[in-house]
Amino acid sequence: AQSVAQPEDQVNVAEGNPLTVKCTYSVSGNPYLFWYVQYPNRGLQFLLKYITGDNLVKGSYGFEAEFNKSQTSFHLKKPSALVSDSALYFCAVREPNSGNTGKLIFGQGTTLQVKP
Amino acid sequence: EAQVTQNPRYLITVTGKKLTVTCSQNMNHEYMSWYRQDPGLGLRQIYYSMNVEVTDKGDVPEGYKVSRKEKRNFPLILESPSPNQTSLYFCASSARDPGNTIYFGEGSWLTVV
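Residue numbers (the numbering used here), protein chains in the order written: chain A, 1 to 116; chain B, 1 to 113.
Excised from the complex, chain A in its bound form (with noise of 0.2 Å):
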């Protein structure tokens, strides 16, 4: 069965210092990958997906993730965190042939905490 772990409840880092959180997936084929942030009280906002290509996206707020196929990772990383990037992130995945039903995978999310 497909799914998404996020390893860690909670990542902390100081400001101004990169940042990871990790996201490992486990489907059938070649996957698309998402990662979404939900600040307090606000909807998921869309950051970046994989869906082929370059293994390294870009995405918004200065956010990138890297999508390891061998390890089947797709982790979020950040070079320079902002206290502003403070909120609750969720990696997702979309099978290829789920097209159907528009169905995302989630993760159970990672609190990130980016203190002064």
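Be aware that a few hints might be false.
Facing chain A, from chain B, some residues (calculated, C-beta under 7 Å) [to be verified]:
#, residue
1, Y10
2, I12
3, G40
4, G42
5, Q45
6, A95
7, G99
8, T101
9, I102
10, G105
11, E106
12, G107
BS3-like mimics (lysine-lysine), calculated; alpha carbons at most 30 Å apart, straight line [claimed, not checked]:
#, chain 1, residue 1, chain 2, residue 2
13, A, K49, A, K69
14, A, K22, A, K115
15, A, K49, B, K57
16, A, K115, A, K77
17, B, K71, A, K49
18, A, K22, A, K77
Rather than coming from a laboratory, the hints here were simulated on the basis of the structure.
Cβ coordinates follow ideal geometry from the N, Cα and C atoms, glycine included.
Keeping the supplied structure of chain A fixed, place chain B upon it in accordance with the hints.
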């Protein structure tokens, strides 16, 4: 501006009192879905719709109904809400190709007492 709009954003209701959460998108998307978000579980799909008059169950459909009479609207209906349906609900829409981004609404906080 591309938007998925949900209403109400916040609602406290009592067990058994029917309620409807509306969802509307302005992107002419074929696919629409409802998810619920619960702590430690991420988001789980409740129902989805591939197009007008075409709907099907997601992973957690019990206690919910949906309808898709118009392309832009996809209301979620709780005929007889129970406390275990207290959750944060998201409506989502996307174009047909699975490589397209799925867009989410702002969420609806529902508390059933």
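Okay, the hints, checked on the actual structure:
no., hint, result
1, Y10, "violated, 10 Å"
2, I12, "violated, 16 Å"
3, G40, "holds, 6 Å"
4, G42, "holds, 4 Å"
5, Q45, "holds, 5 Å"
6, A95, "violated, 9 Å"
7, G99, "holds, 4 Å"
8, T101, "holds, 5 Å"
9, I102, "holds, 6 Å"
10, G105, "holds, 6 Å"
11, E106, "holds, 4 Å"
12, G107, "holds, 5 Å"
13, A:K49 / A:K69, "holds, 15 Å"
14, A:K22 / A:K115, "holds, 19 Å"
15, A:K49 / B:K57, "holds, 26 Å"
16, A:K115 / A:K77, "holds, 17 Å"
17, B:K71 / A:K49, "holds, 26 Å"
18, A:K22 / A:K77, "holds, 9 Å"
Of the numbered hints listed earlier, those contradicted by the structure are 1, 2, 6.
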